[in-house]
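Could you put the whole structure together from the sequences, leaning on the hints where they help?
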Amino acid sequence: ARMMLVEAAWSYRLPARVSRRLRERQQELPQAVWEIAWKAQLRLCTRYRRLVARGKKTQVAITAIARELAAFMWAIVKVVPAAA
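Residue numbering for the sequence shown follows the numbering used here, starting at 1 and increasing by one per position.
Calculated directly from the structure, the hints in this document are not laboratory data.
Treat each hint with caution, since some may be false.
[Claimed, not checked] Below, computed lysine to aspartate or glutamate pairings styled on EDC-like, alpha-carbon distance capped at 20 Å:
| # | residue 1 | residue 2 |
| --- | --- | --- |
| 1 | K57 | E68 |
| 2 | K56 | E35 |
| 3 | K57 | E7 |
| 4 | K78 | E68 |
| 5 | K56 | E68 |
| 6 | K39 | E28 |
| 7 | K56 | E7 |
| 8 | K57 | E35 |
| 9 | K78 | E35 |
| 10 | K78 | E28 |
[Said to hold, decoys possible] Distance windows between CB atoms, simulated:
| # | residue 1 | residue 2 | range |
| --- | --- | --- | --- |
| 11 | R49 | A70 | 17 to 25 Å |
| 12 | W74 | Q31 | 17 to 25 Å |
| 13 | K39 | W10 | 32 to 40 Å |
| 14 | R54 | A82 | 37 to 45 Å |
| 15 | A82 | K57 | 32 to 40 Å |
| 16 | A1 | A32 | 19 to 27 Å |
As the structure is a computational prediction, the values presented were derived from the model and not from experiment.
Where is the CB? At the ideal position from N, CA and C, for every residue including glycine.
This is how it looks when you write it as structure tokens:
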């Protein structure tokens, strides 16, 4: 799971945006979920740039982003009701 989080964190090097394809997929989600996802997108992209600008190595910054991504994923899990 850790490796997947780190791989996903690499996408936060790019500016935050929502593609047409992603927008279509998000329409099926509850509004609270995509609000958390957008908040995560903005925060993690900005945080990556700040860490690298401060002189952190890219790999260290990505690992920090992965840790914070896990926290956002936890927030989404807490919002979505469990399927019984």
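Right, here's what the structure says about each hint:
1. K57 to E68: Given that 20 Å is the threshold and the Cα spacing comes to 17 Å, the pair holds.
2. K56 to E35: Answer violated: K56 to E35 is near 29 Å, above 20 Å.
3. K57 to E7: Holds, at roughly 16 Å.
4. K78 to E68: Status holds; Cα separation ~16 Å.
5. K56 to E68: Holds, at about 16 Å.
6. K39 to E28: holds, 18 Å
7. K56 to E7: Given that 20 Å is the threshold and the Cα spacing comes to 18 Å, the pair holds.
8. K57 to E35: violated, 30 Å
9. K78 to E35: Roughly 14 Å separates the two Cα atoms, so the pair holds.
10. K78 to E28: With Cα atoms ~18 Å apart, K78 and E28 stay inside 20 Å; holds.
11. R49 to A70: 17 to 25 Å: holds, 20 Å
12. W74 to Q31: 17 to 25 Å: holds, 19 Å
13. K39 to W10: 32 to 40 Å: violated, 20 Å
14. R54 to A82: 37 to 45 Å: holds, 40 Å
15. A82 to K57: 32 to 40 Å: At 39 Å between Cβs, range holds.
16. A1 to A32: 19 to 27 Å: Holds, at about 24 Å.
Going through the hint list in order, the structure does not satisfy hints 2, 8, 13.
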